[in-house]
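A.B. asks: Sequence:
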Amino acid sequence: MNTIYFRYNKHSHYLLYFMVIFGIVVGLVLDAYLLNISGITKGPEFIPDFLRGRKDVALYIIFGSIPIAMLLPTFFAYRFWGKAEEKASIRFWEDHAILYYRNKEMLINRGKVKIDILTGKATLYDTYKVILPERKIYFHNSIIEKKEKKGKVLSLDIAMQRLVFFEEKKGKIKVSFYGLNIILERTTPEIFDNSPYYLDYGSIVEIKEGNFATCLIRERKNPIHVVGDLEIDTSFFNENEVLNENNLRKQPILAVIELDEQISLD
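Residue numbers are given in numbering that gives the first Met the number 0: position 240 of the sequence shown equals residue 239, and the series is strictly consecutive.
Derived by calculation from the structure, the hints in this document are not laboratory data.
Each hint should be verified, as a subset may be incorrect.
As the list claims (entries may be wrong) - Within a straight-line C-alpha distance of at most 25 Å, the following computed BS3-like cross-link-like pairs (lysine-lysine) qualify:
hint : residue 1 : residue 2
1    : Lys146    : Lys9
2    : Lys111    : Lys128
3    : Lys135    : Lys148
4    : Lys9      : Lys128
5    : Lys220    : Lys151
6    : Lys220    : Lys111
7    : Lys220    : Lys9
8    : Lys128    : Lys149
9    : Lys249    : Lys151
10   : Lys135    : Lys9
11   : Lys86     : Lys173
12   : Lys82     : Lys146
13   : Lys220    : Lys207
14   : Lys86     : Lys148
15   : Lys249    : Lys207
16   : Lys149    : Lys207
17   : Lys173    : Lys82
18   : Lys220    : Lys135
With the sequences and hints as input, model every part of the structure.
C.D. replies: Structure (structure tokens):
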């Protein structure tokens, strides 16, 4: 049995959607009201003195205020939405796992769960949908943790990567990663040797509780471009063994996630 602890955003995406839509509506109404009382939209005779003879400036104010009225509420809604986080954990056994979150315990039997990774479908946050027979649970990456780690793998990503192995398996799991065919639990990181990408072994994060390590995948021609994150099996290593390129490149790949981020080399 091992346990993985993770952090996730407290508020749901539905609250963010509501705040953004409500904020944009209020912003546009307020913008229209301010333009109206200023006289800019009433006609030339109502334009303030400092704008008379400057029709281009008046047009800039009218059309420039619209995106501002939409973007400012969105910015403040996102800041508020990401200010709170919660903690949870998953305990893993051979044939089942237990999810502990919000003072609840949820049994997850092997083969009775499906994980939808919605990474990339939203520009502001990443979402995981855990589908159980009785319900669906949404987890969003903690914005606070994301700022703290600045591009490193987040605890929710690690927990969900591990939970993926409790999905129902139908034969070998083969994934395609930028043209590379990877068979999970069989293919090793050596597959990247002759590819346009390479593993940044300096970014290794070891998760001892889960018996795996994560490593960033970078583009050879543009190393600050991170195209993915790899999960490598470390269950065959001794407890005090130091992880490096020599011993990790021969171990099976457990999971791979596509990314599209700019992360500087440390």
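A.B. asks: Okay, which hints does this one fail, numbers in order?
C.D. replies: 3, 6, 7, 11, 13, 17, 18
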